[in-house]
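Student: Given next are the chains, with one letter for each unit.
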Amino acid sequence: MAFQDEQLLAQTRRYFFRDCGVGLGRIALGSLLARSSGAAPANPMAPKKPHFEPKAKAVIYLFMAGGPSQLDMFVHKPVLDKLSGQAPPESLMKGKRFAFMERMAHQKMLGSPWKFSQHGQSGAWISELLPNTAVIADDIAIVNTMRTENFNHAPAKIFAHTGSVIAGRPSIGSWITYGLGSESENLPGFVALQSGPRGPRNGPLIWGSGFLPSAYQGVPFLPGSEPVFNLQSRPGVSRRRQERTVKAIRALNELRFSATGDDEILTRIASYETAFRMQTSGPELMNLAGESKETLDLYGAQPGGNSFANNALLARRLVERGVRCVQVYHTDWDHHTGIQDSLPKRCREIDRASSALVQDLKRRGLLKDTLVIWGGEFGRTPISDGEIGATIGRNHHIEAYSTWLAGGGVQGGQVIGESDDIGFSPVEDEVQVHDLHATILHLFGLDHTRLTYRFQGRDFRLTDVGGRVVKRLLA
Amino acid sequence: MSWAWGIVWPALLLTPALAAQQTDLFERDVKPLITANCLGCHNRKIRMSGLSLASRQDAMAGGKRGPVLVPGRPAESRLLKVLRHQDAVKMPPGRMLAAGEIDRFERWIAGGVVWPEEAARAAPKPNHWSFKTPKKPPLPPVKNTAWPRSPVDRFILARLEKEGIAPSPEAPKTTLIRRAYLDLIGLLPSPEQVRAFLDDTRSDAWERVIDGLLASPHYGERWGRRWLDYARYADSDAGSRDEPRQIWRYRDWVIHALNRDLPFDRFVLEQLAGDLLPQPTDDQLIATGFHRNSVLQIEAGTDREQYRVEAVFDRVDTTGTVFLGLSVGCARCHDHKYDPITHREYYRLFAFFNTSDEWGNDRPRYNARLHNLHQVHAPLLEFASPEEIRRRDQLVDRVLKLEDELEKIRRESGRRTGDPRAKALDEEIKTLIKQVPRFESSMIMRELPQRRDTHVFLGGDFLSQGERVDPGTPSFLHPFPGGASATRLDLARWLVDPENPLLARVTVNRIWQEYFGRGIVETENDFGTQAAPPTHPELLDWLSVTFVESGWSRKAIHRLITTSAAYRQSSHARRDLQEKDPRNYLLARQSRLRLDAEIVRDAALSASGLLAPRVGGPSMFPPQPAAAMQASQVKKTWTASTAPDRYRRGMYTFFWRVTPHPSLVVFDAPNSMTACTRRTRSNTPLQALAMLNELAFHEFAQGMAERLVKEIPAGGEPRMRRAFELCLSRQPDVSELERLRELLAAERDDLESRPEDAEKLVRADPSAGAHAIELAVWTALSRVLLNTDEFMTRE
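Chains P and L supply the protein sequences, listed in that same order.
Oh and the first sequence: position 431 is 439 in the working numbering, straight run, nothing missing.
Oh and the second sequence: position 13 is 198 in the working numbering, straight run, nothing missing.
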């Protein structure tokens, strides 16, 4: 099934007729419909049927921007530790390309300064930097042989989110909401949350809808009671007045739709209704004060601030409210130097909350249909970036990095993929980015080869011409 | 046609002319089909069923089931049977190509399976349509000779007639005049202007409207803003501090250049190399601001050479995108994957821009306290006497020297506070800084007295220098006459050479794109071999040649397009087109296009009567949410301008690159980091929130209500009609009027029971001396109209 516009329109119309509750504050739509010569407004976010029975209903992607070091967190290589400080074997370096190539010519192997131990029934190796992640070892599936295509941040990030290194294609969240709609009437179907010292590179492009209709693009939320600008009405505009205004706008828009037949007007109607509902649901969503102290402590969240912990908790609250896709960005994992100080700091920022999110979803019965993913656009080299001295660091590495998944139909408690003794290249179970994307869609009941969109004469898909579902990840 | 169907033409026996035709056929008509429909599976990697269609050699080798192509013999070529679903194998899976598309394959096979990669290897120039200088084609014949109003229409109609599609009827006159105003000047017509047009029965009434708009000073604003998208214009650096810069005079230059219809070749020349013209005027220097709009990173501890190089990269890439429609940036690290631009040629282009004076390691350091931006941003055209500038420079040098001494003392004293020497120095510096005058200026280009050598950067890395290169242009394009000492001026002259196959095409295509929502070539920033094939290739060439013949007059092109019947069509959806041309490539109708970010504001300013129409001048600060400046590293204040600046057009909004005005962002204004040649048009709840709740838009509704109350004292239906005309340039129909009446009644009831709301809804000192409730009721109605989809759309 390819969701072409026509089909989408027909489906959303059917949905609308079946469930008129989609309208603003349950206003009497019957009379409006009677007046607008049979042309019914569509809601592009109306829930749609997947290709087959889904396991996941929502996804929270904890994205660690900059390239977290798998070799200091999930991949234990005693041989590398032993060779630390020595020149890498020539056979290894031959024909390899790195970012900052010129700096890599004379560098030495770099073992991990952190202790590893095994956790959970699977015996997964997790370093001392992630004590809380270790607690959920049996809930997560760690993939240690992720592979991407580009070793520069911007293209690699675009690739991780859109399946293309060229900016401008739809992101995963856009594809999923395009395929399935959203169950949230009061919030956008796809939300992006950001924390960390710097804004994400490429900004809106990594949650953009590309050539898909713009209703499927991710909406960035800001910290505070007004997560998006202009959420509060102006003084004198009571809730009732705002409702009356939006209702009148809708009526005029419907009349214009019957005159012109332009689907964009339907999107505009949906936008205004979502906006109106967001005015109530937004502040309520952002207010963490209602969470128990125990829950706040579990995450390490503090009402009022902006942090990864708050965003992880917000992600749960969004999913609870029916939001389909939440991207949580945390920046500054690009540790060319100073990894000995920066990495523990980043880990402290995310470890407790990432673990808390999985535990919290689990105890609320949400984990079984909420997919949680943790990972970055690539990993880091087993070879030092710069002299090994008081400060150490690692370069970008695209051949074998780590990502973990939990919930939403993923078989937890396993480690997938084995790399060579120094963690440079996979020796089995390489998982490419397209494979990860195919698997994510599969968990949502979507066949990645059938979720297509016709653009410029071609049927595009998230996985381009690649992608295979990683069967071992499925529960 | 000189080559006949079904006749066997072995490829080797083709005459050069026929080979060229066949190559065109393949390039334009067949290859895009293969790419779109076949290559996904039949590429070299996947080779579904053993078949790859990635090259002639691959295709001729056939697949597991044997050969698929017999050159010159379509009937024996299995590919055609498969495409026609006359074979056990039916391709593409699950659907059949259009008959016309399959016919192209047939013609191509009949012509001997000419494959352009081979032609490219044999010929000195790649045989891609856009790399050949356009020739003016004859106007095609049409059956319906009554329809065309402009030569443009002949091309549109000929194609529609070929497909058996009728064009749409003309849009109502009220739609037409609103369309023309928004497209040409980005403002709404007043109800009086609409009325005058409706009442004008002269046969050239429309042409008079168009000519009037082209002569309006606001034309330069509307189309200038589009050029500023290409120029990545902004009022700040985008560095970690996002320092402000003074370059609004460049914006003014663009506006005025458009208004006087400065010939486009001259327009390009002055922006790229105005400083190298003999005795350049201030205006010509200001024009070079085009390439000073690059992002600039001012940050402690960075290698300034790296950021200088980044700015040069940006200039090369922008030059390629804007003037050639080529993704030359792809050749920064290696040879271009698709287009014949080599890695080395990229750096020959780089050499033109590598000789400019620029913030680099040879400049004094940036001092946050002194804020010596004039040195960071130099070269500048400063509006001060040489004596004033000399005095200022002396003061600044003195401050920097004292800062060095202060730093030395602090280091020696172990950063203890209270060192009397440090204290005294600090006081002296503070006093001096207060005396440093700040002059009005504009950032410009200037060559270094001593040129820098340019080397190829291996892998695009500025630290890995390869071969030294001289300035030059890609060899597959028209010849470049300059030698080793060629300058930006030579580059500019080469770009505007009428032999350049790309400049005119790329430019008219982008103009076309604004009027129809899509270019004749959809990939407006890529005319290379991966370009989308033109929907109307002859029209593109006709317009391009006409553009050059007109003396590069953009107004002439605007006039040709806006006076056409194609432009004047209705934008309403048509059921028959849903089947035949759902994306409207053939232009059997107009398109409804959401207004640009700035123009949404401008339209509301027009309707409200608040518009301050001053053209040009420094940027202003319309109100914005308080949190909007939070994301920047260095906290900045945003003090909203007061009237009249508060009500200037959106394009004058001060643009901080790191924290742009939120309402510009939600309506898809470009981020100004790199050249943007096509804006996206999203449609999101955030736009609704801005329109409903932002202070600026609320003020527009208040202004409109005051205007309504003043202009139509009687109130009631005439006032509703006036409101509708102000926003939508047309009369409401019965249902619309009834809906507004309901709203007014409900609002009046509500406000009479809660008069305190009315006080909050209206301005503290409304210009119309009416009762607050009356004003509040009409503010509510104005808000509704300003928020309709139709209001923010050009229909």
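One should not assume that every hint holds.
[Claimed, not checked] Incomplete in silico selection of chain L near chain P, CB under 10 Å:
#1 221
#2 580
#3 748
#4 921
#5 925
#6 972
Bear in mind the hints are in silico, worked out from the structure with no lab data behind them.
Being a predicted model, the structure only gives us computed values, none of them experimental.
Don't be surprised by glycine CBs; every beta carbon is placed ideally from N, CA and C.
Student: All hints, please: hold or fail.
Tutor: Verification of the hints:
The closest approach between the C-beta of residue 221 of chain L and any C-beta of chain P is roughly 4 Å, which is under the 10 Å cut-off, so the hint is satisfied. Here the hint on residue 580 of chain L is broken, as its CB sits about 36 Å from the closest CB of chain P, past 10 Å. Annotation: interface hint on residue 748 of chain L violated; nearest CB of chain P at approximately 24 Å, more than 10 Å. Proximity of residue 921 of chain L to chain P holds as hinted, the smallest CB-CB distance being about 6 Å (cut-off 10 Å).
Because the beta carbon of residue 925 of chain L sits about 8 Å from the nearest beta carbon in chain P, less than 10 Å, this interface hint is met. Against a cut-off of 10 Å between C-beta atoms, the interface hint on residue 972 of chain L holds, since the closest Cβ of chain P lies about 5 Å away.
When held up to the earlier numbered hints, the structure conflicts with 2, 3 and fits the remainder.
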